[in-house]
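These protein sequence lines are chains W and Y, in that order.
Mapped onto our numbering, the consecutive letters of the first sequence carry residue numbers 1 to 387.
Mapped onto our numbering, the consecutive letters of the second sequence carry residue numbers 1001 to 1367.
Each hint should be verified, as a subset may be incorrect.
As the list claims (entries may be wrong) - The calculated label-pair distances, taken between Cβ atoms and stated as ranges, are:
1) Y:Val1041 <-> W:Ser122: 35 to 41 Å
2) W:Gly315 <-> Y:Ala1269: 35 to 41 Å
3) Y:Trp1042 <-> W:Asp127: 15 to 21 Å
4) Y:Asp1209 <-> W:Ser191: 38 to 44 Å
5) Y:Asp1209 <-> W:Asp193: 22 to 28 Å
6) Y:Trp1042 <-> W:Gly41: 37 to 43 Å
7) W:Ser191 <-> Y:Met1365: 50 to 56 Å
8) Y:Asp1209 <-> W:Asp255: 35 to 41 Å
9) Y:Tyr1350 <-> W:Gly306: 47 to 53 Å
10) W:Asn276 <-> Y:Thr1197: 40 to 46 Å
11) W:Trp137 <-> Y:Tyr1350: 42 to 48 Å
12) W:Lys268 <-> Y:Val1041: 37 to 43 Å
13) Y:Tyr1350 <-> W:Glu165: 55 to 61 Å
14) Y:Ala1269 <-> W:Ser122: 28 to 34 Å
I should point out that these hints are in silico values taken from the structure, not numbers from a laboratory.
The beta carbon of each residue, even a glycine, is placed where N, CA and C say it ideally should be.
Now for the letters of each chain:
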Amino acid sequence: MRDVAVIGAGCTSFGEKWNTSFRHLFVEAGTLALEDACVAGEQIDAMYVGNMSAGRFVDQEHIGALIADYAGLASHHIPATRVEAACASGGLAFREAVISVASGMEDIVVAAGVEKMTDVASGASVDTLAGAADREWEGFVGATFPGLYAMIAKDYMNRFPLTREQLAQVAVKNHYNGARNPIAQFQQEISIDTVLRSSLVADPLRLFDCSPITDGAAAVIVAPLERAREFTDTPIKVLASAQASDTITLHDRRDISTLDATVAAAQKAFAMARVNPQDIDLVEVHDCFTIAEICAIEDLGFCAKGMGGKLTEEGVTALNGDLPVNTSGGLKACGHPVGATGIKQVYEIVQQLRGEAGKRQIEGAKIGMTQNVGGTGATVAIHILGV
Amino acid sequence: MYGDGGRNDSQCSEERTMVGIITYGVYIPRFRIKVEEIARVWGANPDDISGGLGVYSKSVPDLDEDTATIAVEAARSALERRAVNPADIGAIYVGSESHPYAVKPTACTVGEAIGATPNMTAADYEFACKAGTAGIQTCMGLVKSRMIQYGVAIGSDVAQGAPSDALEYTAAAGGAAYVIGRDDPIAILHHTASFTTDTPDFWRREGQDYPRHGGRFTGEPGYFRHIEGAVRLLFEQTGKSPKDYDYAVFHQPNAKFPQRVAKILGFSAEQIKPGLVVPRLGNTYSGSSMIGLAATLDIAKPGDRIFVASFGSGAGSDAFDIEVTDAIESHLFSRDAAPGVEKLLENPIYIGYAQYARHKGKIVMQK
């Protein structure tokens, strides 16, 4: 198996991008990544595109070919493949690209993610997103994602010492980081009071506990490590790529407050990269809801179960803490274009490891990690990147 | 100097004919429902709704009130304030989203009711919440070209909002009528500028009972883009700026939008205060900015300069540069001959959701 490196990365700004279509979001991110890697279109061997639900959001399927076409590569006839695992689509697209390069089948591969969510009304997008859970056992009986994550939060708060304020601190921290990220959907800082006074969505989760509906796209270019310096002076090594699955329904889980798929994928990833949690300088986790970030930092092994709230309250996960979490602003503040999120996480780590993260730069960051979740934890993709 | 804001100063005096508001009148139904009462029915947090919209109550029509009766009441109030011979009215335009008939003009009903028929032209306008100001512009053109002596432009609505939709908290009833003419206006319409695009932010198709909308899409690409576009165009054409005005009125679907657009454009909270009627009244759609202007004229003094920008989804905005004249305090005009906006907002009768549903025809007795 060959070592793989990220040689370029690009990302659109995230937000309600009413003037930008699905295809143009992708073209913008892809062009930024290619320019960053100094790679020409004809050098691309393959593309993997993470996308959850273009069929329901913009009535468009067959997006692998669409995107290759609009990237100007139709005449090159490259393989272009859509990868779907709900909100983990981006993370899996990156993993497929890494595997194809590692295997020796391809050399220069684009891994991208794109989602255009604001062409439908919010009710329709909530229902589309509910397709990430089990439609027959969960969706049909009324469970929405805020509802499912609220059950996780309720269960967690019954069993572990997590306060409402600690939960709110996740959003406060992520907005602080988002305010320092020029591509973030929300670039204003908030207070704990902002979260506590916001509308109740699904008890105990309030509006500011939830990630938003977002349009956006991100793309990275991967290549064999041995060829990386042909394209860039700052290749970012892919130290580990791991993926795990679990029951699709929340109620069938061994423990609904632990994402066993995160635990399993993290163990594989740490073994593959030959590093320990203490070696990680920063991590982008899947904070679709504030409770998800608390569970993530525990399930990844950064603290014991039940200690995530305290860790957050003490500032360990803050930008200037020992383990900065979601320096991009996370899904909460940077935004959550579902299929693009996994690639945006990689994009953020690449920025940080290159020292190009501006006001949110973690000085001397050498190893970063991403955790991308599909559904309530039925799919998890974890990557460890290093310089 | 009267004319087209200085654009046509070199042209002949005939083309610089002054056009202005001869008189105006408003009607608002007596009934109100509180936002918290609507929130109670739908299980929403009333503080979130009121706080988010800045609206506390909205007007509700009586069982026998509709867009036509409101338009007639507003037109009659205008004529109470000034002796305009109805026979000299050459045009009536009624702007509304809720004309009682899909085919048969409200404007004809108004014409008959105020005695202006039959030697006149009339039509109903629809441009979401700005059809009334489009009527003012039409009258300005007809008056300036001397095709008519007086024109009446009305914005009137019994606004629709689907049960539990965000619109239901604000969709209100009311209207304002403006008589436009040449001689001794109480306020000169110095200039108007419009900004219009095909933007589907809010719509209602034939046969549908309630409008639909694109949520926040009605904000930035709708309301803000178009109002800012019209205002900047007017400033560009006239060389004016916010500091040249004593008062400003913006379309008010809620209290937040007009406050925010005023701030963006450089108008102060003081300038928009007299015309900001939405917290108690709600959004009267075609009546909204026109009632706001009426509330401002109710307290304005000769020489005051008023800025107005309407907004209609679909989408467009009409901006106006207005100057109050001495005539407003002269023997020609009697503000007190008809109730002002403040008077119409006083002493409301608060009703519950059940009565509101009956008044609005939301209870279907038999199908």
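Checked hints:
About 21 Å separates the C-beta atoms of Val1041 (chain Y) and Ser122 (chain W), a value inconsistent with the hinted range of 35 to 41 Å. With their beta carbons about 39 Å apart, Gly315 (chain W) and Ala1269 (chain Y) fall inside the hinted range of 35 to 41 Å. At about 20 Å, the CB distance of Trp1042 (chain Y) to Asp127 (chain W) agrees with the hint of 15 to 21 Å. Checked against the hint of 38 to 44 Å, the pair Asp1209 (chain Y) and Ser191 (chain W) passes, with Cβ atoms roughly 42 Å apart.
The hint said 22 to 28 Å for the Cβ distance between Asp1209 (chain Y) and Asp193 (chain W), and at roughly 41 Å that hint is violated. Distance hint for Trp1042 (chain Y) and Gly41 (chain W): a CB-CB separation of about 53 Å, inconsistent with the stated range 37 to 43 Å. Between Ser191 (chain W) and Met1365 (chain Y) the Cβ separation comes to about 51 Å, which falls inside the hinted range of 50 to 56 Å. For the pair Asp1209 (chain Y) and Asp255 (chain W), the beta carbons lie near 49 Å from each other, so the given range of 35 to 41 Å is not met.
The supplied range of 47 to 53 Å is met by Tyr1350 (chain Y) and Gly306 (chain W), whose beta-carbon atoms lie about 51 Å from each other. The given range of 40 to 46 Å is broken by Asn276 (chain W) and Thr1197 (chain Y), whose C-beta atoms sit roughly 58 Å from each other. Checking the proposed 42 to 48 Å range against Trp137 (chain W) and Tyr1350 (chain Y) shows it holds: the Cβ atoms sit about 46 Å from each other. In this structure the hint that Lys268 (chain W) and Val1041 (chain Y) lie 37 to 43 Å apart at CB is violated, the actual value being about 53 Å.
Roughly 39 Å separates the CB atoms of Tyr1350 (chain Y) and Glu165 (chain W), a value that falls outside the hinted 55 to 61 Å. In this structure the supplied range 28 to 34 Å holds for Ala1269 (chain Y) paired with Ser122 (chain W), their Cβ-Cβ distance being about 31 Å.
When held up to the earlier numbered hints, the structure conflicts with 1, 5, 6, 8, 10, 12, 13 and fits the remainder.
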